[in-house]
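There are 2 protein chains.
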Amino acid sequence: MNVNNKSFANISMAVIRRLPKYHRYLKELLDKEIYRISSKELSRLIGFTASQIRQDLNCFGGFGQQGYGYNVEELYNEIGKILGLDKTYKLIIIGAGNLGQAIANYTSFEKSGFELLALFDINPKLIGMKIRDIPFRDVDELEQFTLDNHVDIAVVCTPKEFAQGIVDKLNEKNVKGIWNFAPTDLKVPKDIIVENVHLSESLFTLSYLLNEREIENNKQE
Amino acid sequence: MNVNNKSFANISMAVIRRLPKYHRYLKELLDKEIYRISSKELSRLIGFTASQIRQDLNCFGGFGQQGYGYNVEELYNEIGKILGLDKTYKLIIIGAGNLGQAIANYTSFEKSGFELLALFDINPKLIGMKIRDIPFRDVDELEQFTLDNHVDIAVVCTPKEFAQGIVDKLNEKNVKGIWNFAPTDLKVPKDIIVENVHLSESLFTLSYLLNEREIENNKQE
Numbered sequence: 001m002n003v004n005n006k007s008f009a010n011i012s013m014a015v016i017r018r019l020p021k022y023h024r025y026l027k028e029l030l031d032k033e034i035y036r037i038s039s040k041e042l043s044r045l046i047g048f049t050a051s052q053i054r055q056d057l058n059c060f061g062g063f064g065q066q067g068y069g070y071n072v073e074e075l076y077n078e079i080g081k082i083l084g085l086d087k088t089y090k091l092i093i094i095g096a097g098n099l100g101q102a103i104a105n106y107t108s109f110e111k112s113g114f115e116l117l118a119l120f121d122i123n124p125k126l127i128g129m130k131i132r133d134i135p136f137r138d139v140d141e142l143e144q145f146t147l148d149n150h151v152d153i154a155v156v157c158t159p160k161e162f163a164q165g166i167v168d169k170l171n172e173k174n175v176k177g178i179w180n181f182a183p184t185d186l187k188v189p190k191d192i193i194v195e196n197v198h199l200s201e202s203l204f205t206l207s208y209l210l211n212e213r214e215i216e217n218n219k220q221e
Numbered sequence: 001m002n003v004n005n006k007s008f009a010n011i012s013m014a015v016i017r018r019l020p021k022y023h024r025y026l027k028e029l030l031d032k033e034i035y036r037i038s039s040k041e042l043s044r045l046i047g048f049t050a051s052q053i054r055q056d057l058n059c060f061g062g063f064g065q066q067g068y069g070y071n072v073e074e075l076y077n078e079i080g081k082i083l084g085l086d087k088t089y090k091l092i093i094i095g096a097g098n099l100g101q102a103i104a105n106y107t108s109f110e111k112s113g114f115e116l117l118a119l120f121d122i123n124p125k126l127i128g129m130k131i132r133d134i135p136f137r138d139v140d141e142l143e144q145f146t147l148d149n150h151v152d153i154a155v156v157c158t159p160k161e162f163a164q165g166i167v168d169k170l171n172e173k174n175v176k177g178i179w180n181f182a183p184t185d186l187k188v189p190k191d192i193i194v195e196n197v198h199l200s201e202s203l204f205t206l207s208y209l210l211n212e213r214e215i216e217n218n219k220q221e
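Protein chains in written order, with the UniProt record's numbering: chain A, 1 to 221; chain B, 1 to 221.
FYI, nobody ran anything at the bench for these hints, they're computed from the structure. Even glycine gets a Cβ: it sits at the ideal position worked out from N, Cα and C. Fair warning: there could be bad hints in the mix.
[Unchecked claim] Pairs of lysine-lysine, BS3-like flavour, derived with a Cα cap of 27 Å: (1) B:LYS160 to A:LYS21; (2) A:LYS21 to B:LYS187; (3) B:LYS40 to A:LYS187; (4) A:LYS190 to B:LYS40; (5) B:LYS187 to A:LYS32; (6) B:LYS21 to B:LYS32; (7) B:LYS130 to B:LYS111; (8) B:LYS130 to A:LYS130; (9) B:LYS81 to A:LYS160; (10) B:LYS219 to A:LYS87; (11) A:LYS21 to B:LYS21; (12) B:LYS130 to A:LYS125; (13) A:LYS81 to B:LYS219; (14) B:LYS219 to A:LYS190; (15) B:LYS81 to A:LYS21; (16) B:LYS130 to A:LYS160; (17) B:LYS169 to A:LYS187; (18) A:LYS81 to B:LYS160; (19) A:LYS32 to B:LYS160; (20) B:LYS21 to A:LYS169.
[What the hints assert, rightly or not] Where chain B lies over chain A, by a calculated footprint (3+ residues, C-beta under 8 Å): (21) 17-24; (22) 70-84; (23) 88-100; (24) 103-111; (25) 179-189; (26) 203-210.
[To be verified] Each pair of labels, with its calculated beta carbon distance range: (27) A:ILE192 to B:THR49: 21 to 29 Å; (28) A:TYR35 to B:ILE11: 49 to 57 Å; (29) B:ALA50 to A:LYS219: 33 to 41 Å; (30) B:ILE11 to A:LEU186: 25 to 33 Å; (31) A:GLU115 to B:ILE34: 37 to 45 Å; (32) B:ASN71 to A:GLU216: 40 to 48 Å.
With the rest of the complex left out, here is chain A (with noise of 0.2 Å):
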């Protein structure tokens, strides 16, 4: 099966969502030099049921066999086309701060293929710095460094307050997504792709989570 250049446009979004984490098991399974696994395995492993796994994967087609279960190599490479990963992306980080290091350092992103072309950010002691060999640059350069340079995808991790001024002057023909750190919701071209991260609504769902759990347990007592 050859899922190149095959749109997967029609698949909902809650199972795009649930990939990664496959991608991410059979990973450790291939680590583990484990290549043979069944709905069964897999359901113990990453917690989903066996049969979500089956409708999830029978999706795109569907990878497993009746009676011999999943080949760990085969679903991984598969599942990783699947979200674009046998390609590269060449990214910037705008908001060169705690959290836009914390993102420049994680080196797992440039061996899945995201690679770090520049930080910008504001702060003139960090200009001309480097982190990893990749240059802060002044966010004054941005607009300019958008018009000559292909970017995937612009990270931003700037406060609130800038992350749509910024993002305005991101070149809409160069640049194709957006990966937003900042809480707030940006308005962007039509052609510009945004995925958030929205940490307070983490955070807030945590605290739902807890404050539900402590009521149940005053009902109990």
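Let chain A serve as the given structure and place chain B on it in line with the hints.
What follows is chain B alone, placed relative to chain A:
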């Protein structure tokens, strides 16, 4: 209507995960001194459909009145209560590198009731220093700290390979929840709630979307 101590255990997690976004937009409306809004206007703002909004908010008994719309302040307060944001939470951060420090510096979390008690790290250069008056402590003190102190949320920002070992040291009676940024799934006692932020899952979703768009564009050419 009083949602205090009322349990919402039957609400789907999909709805719960949308509530922080409502909460954020309602706060912005209040900051702009807008006190009343229809589901239609709210829809234009947030990007969910008006029917989705009515459905979501009906889960909680409904806050809107036909012909009047929503009372922004009431809705904001009630959603805050549902999310447990009328309470306070004691946090510790484990792993005080760039990511841990970034989280420690988000003063907006503190304003929402999340009080940071300490950061823990293995780096001797950090220990004894402070960030916003909050001390960096030696990770060797972690076990004793969670024996002596009630901790609502332990934020795990260590590298993947240390995360499970660290979590195993937390006192399960005193630690209620874990906000996990390590790219691994943690095994915890059943009474501890884990909320994960797996950054690579978000990044790989973005690469999927970029790749998908590329394939669609090539087809059209």
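Verification of the supplied hints:
1. B:LYS160 to A:LYS21: With a Cα-Cα distance of about 15 Å, the restraint between LYS160 of chain B and LYS21 of chain A holds, given a limit of 27 Å.
2. A:LYS21 to B:LYS187: With Cα atoms ~16 Å apart, LYS21 of chain A and LYS187 of chain B stay inside 27 Å; holds.
3. B:LYS40 to A:LYS187: Holds, because 19 Å separates the two Cα atoms, which is no more than 27 Å.
4. A:LYS190 to B:LYS40: Roughly 22 Å between the alpha carbons, so the hint for LYS190 of chain A and LYS40 of chain B holds.
5. B:LYS187 to A:LYS32: 19 Å, holds
6. B:LYS21 to B:LYS32: 17 Å, holds
7. B:LYS130 to B:LYS111: Since the Cα atoms of LYS130 of chain B and LYS111 of chain B sit roughly 19 Å apart, the hinted pair holds (cutoff 27 Å).
8. B:LYS130 to A:LYS130: Holds, at about 25 Å.
9. B:LYS81 to A:LYS160: OK: LYS81 of chain B and LYS160 of chain A at ~24 Å, within 27 Å.
10. B:LYS219 to A:LYS87: 18 Å, holds
11. A:LYS21 to B:LYS21: Within the cut-off at roughly 24 Å; holds.
12. B:LYS130 to A:LYS125: 21 Å, holds
13. A:LYS81 to B:LYS219: Answer holds: LYS81 of chain A to LYS219 of chain B is near 18 Å, not above 27 Å.
14. B:LYS219 to A:LYS190: Holds, at about 19 Å.
15. B:LYS81 to A:LYS21: Violated: LYS81 of chain B and LYS21 of chain A sit about 32 Å apart, past 27 Å.
16. B:LYS130 to A:LYS160: With Cα atoms ~25 Å apart, LYS130 of chain B and LYS160 of chain A stay inside 27 Å; holds.
17. B:LYS169 to A:LYS187: Judged against 27 Å, a Cα distance of about 44 Å means the pair is violated.
18. A:LYS81 to B:LYS160: 25 Å, holds
19. A:LYS32 to B:LYS160: 16 Å, holds
20. B:LYS21 to A:LYS169: 26 Å, holds
21. 17-24: holds (count 6)
22. 70-84: n = 3 at 8 Å, threshold three: holds.
23. 88-100: holds (count 4)
24. 103-111: It holds: at least three residues are needed, and the stretch 103-111 of chain A offers 5 whose Cβ sits within less than 8 Å of chain B.
25. 179-189: holds (count 3)
26. 203-210: The restraint on the stretch 203-210 of chain A holds, since 8 of its residues have a Cβ under 8 Å from chain B and three suffice.
27. A:ILE192 to B:THR49: 21 to 29 Å: 23 Å, holds
28. A:TYR35 to B:ILE11: 49 to 57 Å: About 42 Å separates the Cβ atoms of TYR35 of chain A and ILE11 of chain B, which means 49 to 57 Å is violated.
29. B:ALA50 to A:LYS219: 33 to 41 Å: Since ALA50 of chain B and LYS219 of chain A have Cβ atoms about 35 Å apart, the given range 33 to 41 Å holds.
30. B:ILE11 to A:LEU186: 25 to 33 Å: 29 Å, holds
31. A:GLU115 to B:ILE34: 37 to 45 Å: At roughly 44 Å between Cβ atoms, ILE34 of chain B and GLU115 of chain A fall inside 37 to 45 Å, so the hint holds.
32. B:ASN71 to A:GLU216: 40 to 48 Å: 29 Å, violated
When the structure is compared with the earlier hints, violations turn up for hints 15, 17, 28 and 32 and for no others.
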